[in-house]
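Chemist: Chains as they are written, first to last, in my numbering: chain A, 123 to 237; chain B, 223 to 331.
These are calculated hints, taken from the structure and not from any lab test.
Quick caveat: nothing in here was measured; it's all calculated off a predicted structure.
The hints are all genuine.
The list that follows gives simulated cross-link-like pairs (lysine to aspartate or glutamate, DMTMM-like), each with its CA atoms no further than 20 Å apart:
(1) 179/A with 314/B
(2) 193/A with 316/B
(3) 318/B with 152/A
(4) 205/A with 160/A
(5) 298/B with 236/B
(6) 192/A with 146/A
(7) 290/B with 274/B
(8) 298/B with 277/B
(9) 192/A with 176/A
(10) 290/B with 227/B
(11) 318/B with 184/A
(12) 179/A with 160/A
(13) 318/B with 227/B
(14) 179/A with 316/B
(15) 131/A with 146/A
(16) 179/A with 191/A
(17) 318/B with 194/A
(18) 131/A with 194/A
(19) 318/B with 176/A
(20) 279/B with 304/B
(21) 131/A with 160/A
(22) 318/B with 181/A
(23) 131/A with 263/B
(24) 290/B with 314/B
(25) 193/A with 146/A
Negatives, chain A to chain B, calculated, CB over 10 Å:
(26) 130
(27) 141
(28) 205
Beta carbons are placed, not taken as given, at the ideal position from N, Cα and C, and that holds for glycine.
Here's the letter readout for the chains.
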Amino acid sequence: DGGITQSPKYLFRKEGQNVTLSCEQNLNHDAMYWYRQDPGQGLRLIYYSQIVNDFQKGDIAEGYSVSREKKESFPLTVTSAQKNPTAFYLCASSPPLAGGGNEQFFGPGTRLTVL
Amino acid sequence: GQNIDQPTEMTATEGAIVQINCTYQTSGFNGLFWYQQHAGEAPTFLSYNVLDGLEEKGRFSSFLSRSKGYSYLLLKELQMKDSASYLCAVREYDYKLSFGAGTTVTVRA
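Just need the whole structure built from these sequences, with the hints factored in.
Modeler: Next comes the structure, spelled out in structure tokens:
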């Protein structure tokens, strides 16, 4: 089955600790994204990557870091510099724009709680 | 940046029709998407409009007017399982999407 996996579904961390959220896709998509969702708010873009070994900051990149060493993987690290890290984190991927609608496909999400 | 507005909540009766409006102000436009999101789950793609007009997909239809910066999602023959949040998202001339805050639709029996 093709799709996007994120693990774990729920994650608890102590304040001051860095934590890495995983995102893997086997859809052969070039582009991958990380969003954060808070109650009553839309999805906000943290980082995105259009191709391996390249990524760009989104609207709220401060306190986060990413890497894109493989096409299938786009891990997100929430650092201790992120002031309010408790949120629902969603990873997505999409085919190239030339593919038509180019909708983004989302993983199941990771709910991070910082205690 | 982008400004995308949609109502916060809507309530409708099973079997009825509901229309969710979305207005946007962007410096560029390369498509508008609607997603459905059930509580605690990932968004799932519903529809895509890039040209003016109506796109129909079963019980769901989406309309776009680029000159007015306006779209709507029409849900017909509402079912209880349609209770969810509906997200409007606009793409500019790159891969990025900007999302509205979402409209929570509650379907009552």
